[in-house]
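Protein sequence lines correspond, in order, to chains A and B.
Numbering that gives the first Met the number 0 puts the first residue of the first sequence at 0, with every later residue one more than the last.
Numbering that gives the first Met the number 0 puts the first residue of the second sequence at 0, with every later residue one more than the last.
No lab work stands behind these hints: they were computed from the structure.
A couple of the hints might just be wrong.
To be verified - Which bits of chain A does chain B cover? Going by a derived footprint, with three or more residues having C-beta under 8 Å, they are:
| id | segment |
| --- | --- |
| 1 | 50–61 |
| 2 | 79–85 |
Stated by the list, open to error - Computed list of lysine to any residue pairs in SDA-like fashion (alpha-carbon distance at most 25 Å, straight line):
| id | chain 1 | residue 1 | chain 2 | residue 2 |
| --- | --- | --- | --- | --- |
| 3 | B | Lys-195 | A | His-115 |
| 4 | B | Lys-190 | A | Thr-77 |
| 5 | A | Lys-211 | A | Arg-94 |
| 6 | B | Lys-54 | B | Asp-263 |
| 7 | B | Lys-195 | A | Thr-116 |
| 8 | A | Lys-62 | B | Lys-190 |
| 9 | B | Lys-190 | A | Glu-168 |
| 10 | A | Lys-83 | B | Glu-181 |
| 11 | A | Lys-242 | A | Asn-25 |
| 12 | A | Lys-242 | A | Leu-207 |
Unchecked claim - Which stretches of chain A does chain B cover? Using the computed rule of at least three CB atoms under 8 Å from a CB of chain B, they are:
| id | segment |
| --- | --- |
| 13 | 90–98 |
| 14 | 108–114 |
| 15 | 156–167 |
Quick caveat: nothing in here was measured; it's all calculated off a predicted structure.
All C-beta atoms, glycine included, are put in the ideal place defined by N, C-alpha and C.
Here's the letter readout for the chains.
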Amino acid sequence: MEPSGKIKIQNLNLFIGKQQILKNINAEIPENKITVILGPSGCGKTTLLKTLNRLTDLYENIKISGTVEMGNEDILHTKTDITKIRRKMGLVSQRPYPLPMSIYGNIAYGLKISGHTKKQFLDEKVEYYLKVTHLWEEVKDRLKQPASALSVGQQQRLCLARGLAVDPEIILADEPASALDPVSSMAIEELFTELKSWYTIVVVTHILRQAKRIADHVIFMYLGEVIEQGPAGEFFENPKMEKTKAYIKGAFN
Amino acid sequence: MKYINRHWKDKANSTWMLVCTGIIIVLPFVLIIGLYLKSALLFEKCSFIDLIFSKEWKPWENKFGFAPFIICSLWVSILALLLSAPVCLLTAIYLTHYAKSRVLKIMQPVIDILAGIPSVIYGVWGILVIVPFVAKLGNFFGIHTTGYTILSGALVLSVMIIPFILNVLIEILRTIPEELSEASLSLGATKWETIKYVIIKKAFTGIISAFGLGLSRAFGETIAVLMVVGNVVKIPQGVFDAGYPLPALIANNYGEMLSIPMYDSALMMAALILLVIVILFNTASRMYIYRLEKYR
Ligand SMILES: Nc1ncnc2c1ncn2[C@@H]1O[C@H](COP(=O)(O)OP(=O)(O)OP(=O)(O)O)[C@@H](O)[C@H]1O
Ligand SMILES: [Mg+2]
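In isolation and in its complexed conformation, chain A is listed as follows:
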């Protein structure tokens, strides 16, 4: 079955000041798969990811053209409240940034913001998402403790749980394992593989081996352009473009 495109990016150009960061990007992100955005450092992976939930709004002197469609909506030119769109996408950043609150508070935050105040409801959600991210057993006795007391690996899973708690459709992860030790890193990768039945997942990485382990679909970027994209098997076994072949051989990183 051909995967249905969850997000369609068309003719996306992005400038910061005079510098063009993203060059005419056309890409599709299939539903319920792990899409890996691959490419050397500085090629615009993070920028592309942030365009998807409009965190690029925070940049100064930014110019964007093109469309990013999700459902029937153009995220870039939507009239809907941007917070609604952001809530549909959980973000996991390069290093975990727990909010300055308790473990419980971190997960309840997004729910409280969107108007849920019933304690029982919050309790249930907190427990549920801590279980989903395999943190429950480790933290159930210290939910009221500050989240910053957790190990980095635990914090990263907490950040994922916090993003899942607002019930997104998509998970955006920017090099989610780069600050983690190998064990925590594997734990995150396994989690993503478990979660893809329910969510569409986009993972940015420049680690080729990691991409091979988790990717269903690959978007390969170089200097702000998408060079090649397609199903993971084909991409790794049978790359079409010269740049891709060179990258997979490890010619540049």
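The hints should help you fit chain B with the ligands onto chain A, whose structure is shown.
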């Protein structure tokens, strides 16, 4: 040879640094002990507690009650902090989170200029602008006043401490990583919610310490305040009363009226009280910060 030379230079330098650090650490203690010795004469006559809580200031009868001065200083500086704290916080948030970075670049030298203006000039401005304004304001409320009041002192002070508090606040807000805002935003929070629930919470201890710093400065500020506050020895009953702050007492009288026995000693005592209160403010805010950091 060269090695030995460098080695000695290194050693000499580090010794110097140690000496300098030592001096800085010892300085407050030397000050306190010096002031204590100078005011010992008064300590022998009356108990410290009596001096602090007594309201009677009649040097010619050897009655030295510091309460009016201490209370007036507290009024002026706490009021000044209450006036400038919200302004500073909102400005700092605006500059770090809403304004273009160019605006912040322009603002920073402006803030530094404000910080560098001599207090006398603030005092003159206070007399020319603030005092008449407060007099009018008093009349509006049906209170007869010359304008030389606690409120005038507080208003002048509140402007004076803005640059100090603002600089620290901007510094603190800038150390908070952008990713924390991004995390909150991507959970569906608005910008304001992010600032209210995440940024301010994260910066809370720093904000408190900035305010503590402002309060200490306000408490010790002398010239500008004494020019507009009226310098009448009494316990103020409201913001439209005149008052006599502690630093003004020392500045106005030191070197004069030494014919009255123990007056000199009383002024030293005033200085000691001033120093101790400022140190107390600082320590209290530091302890508060320490406790918060521990439980965060
Ligand atoms: N806020 C910004 N202002 C100006 N230029 C920026 C900004 N953010 C990123 N850039 C530039 O955009 C380009 C792409 O950056 P981006 O962070 O998207 O790359 P990346 O692929 O995520 O790299 P990495 O693998 O190192 O994280 C870089 O050349 C960077 O210098
Ligand atoms: Mg990046």
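Quick one, are B/Lys-190 and A/Thr-77 close enough, alpha carbons at most 25 Å?
18 Å, holds
For the segment 108–114 of chain A, count the residues whose Cβ lies under 8 Å from any Cβ of chain B; is that count three or more?
With 4 residues close enough to chain B, the hint holds.
Between A/Lys-242 and A/Asn-25, is the straight-line Cα distance small enough, at 25 Å or below?
Cα-Cα ~18 Å, so holds.
Distance restraint between A/Lys-62 and B/Lys-190, which requires alpha-carbon spacing of 25 Å or less:
21 Å, holds
Do three or more residues from the segment 79–85 of chain A put their C-beta atoms closer than 8 Å to C-beta atoms of chain B?
Satisfied; 3 residues make the cut.
Can you take a look at whether the segment 90–98 of chain A is actually covered by chain B? Rule is 3+ residues, C-beta closer than 8 Å.
holds (count 6)
Stated coverage of the segment 50–61 of chain A by chain B [criterion: 3+ residues, CB within 8 Å]:
Our answer is that it holds, as 4 residues pass the Cβ test (under 8 Å) against chain B, meeting three.
Would you mind confirming whether the straight-line C-alpha gap from A/Lys-83 to B/Glu-181 stays at or under 25 Å?
Distance ~15 Å between A/Lys-83 and B/Glu-181 Cα, so the pair holds.
Satisfaction of hint between A/His-115 and B/Lys-195, Cα-Cα up to 25 Å:
The given pair, whose Cα atoms are some 18 Å apart, holds under the 25 Å limit.
Can the restraint linking A/Lys-242 and A/Leu-207 be considered satisfied, given a maximum Cα separation of 25 Å?
This hinted pair holds, its Cα atoms lying about 14 Å apart.
Given the hint that B/Lys-54 pairs with B/Asp-263, test it: the Cα-Cα distance must not exceed 25 Å.
Distance ~19 Å between B/Lys-54 and B/Asp-263 Cα, so the pair holds.
Please work out if A/Lys-211 and A/Arg-94 have their alpha carbons no farther apart than 25 Å.
Holds. A/Lys-211 to A/Arg-94 sits at ~22 Å (cutoff 25 Å).
Of the hints listed earlier, there is not a single one the structure fails to meet.
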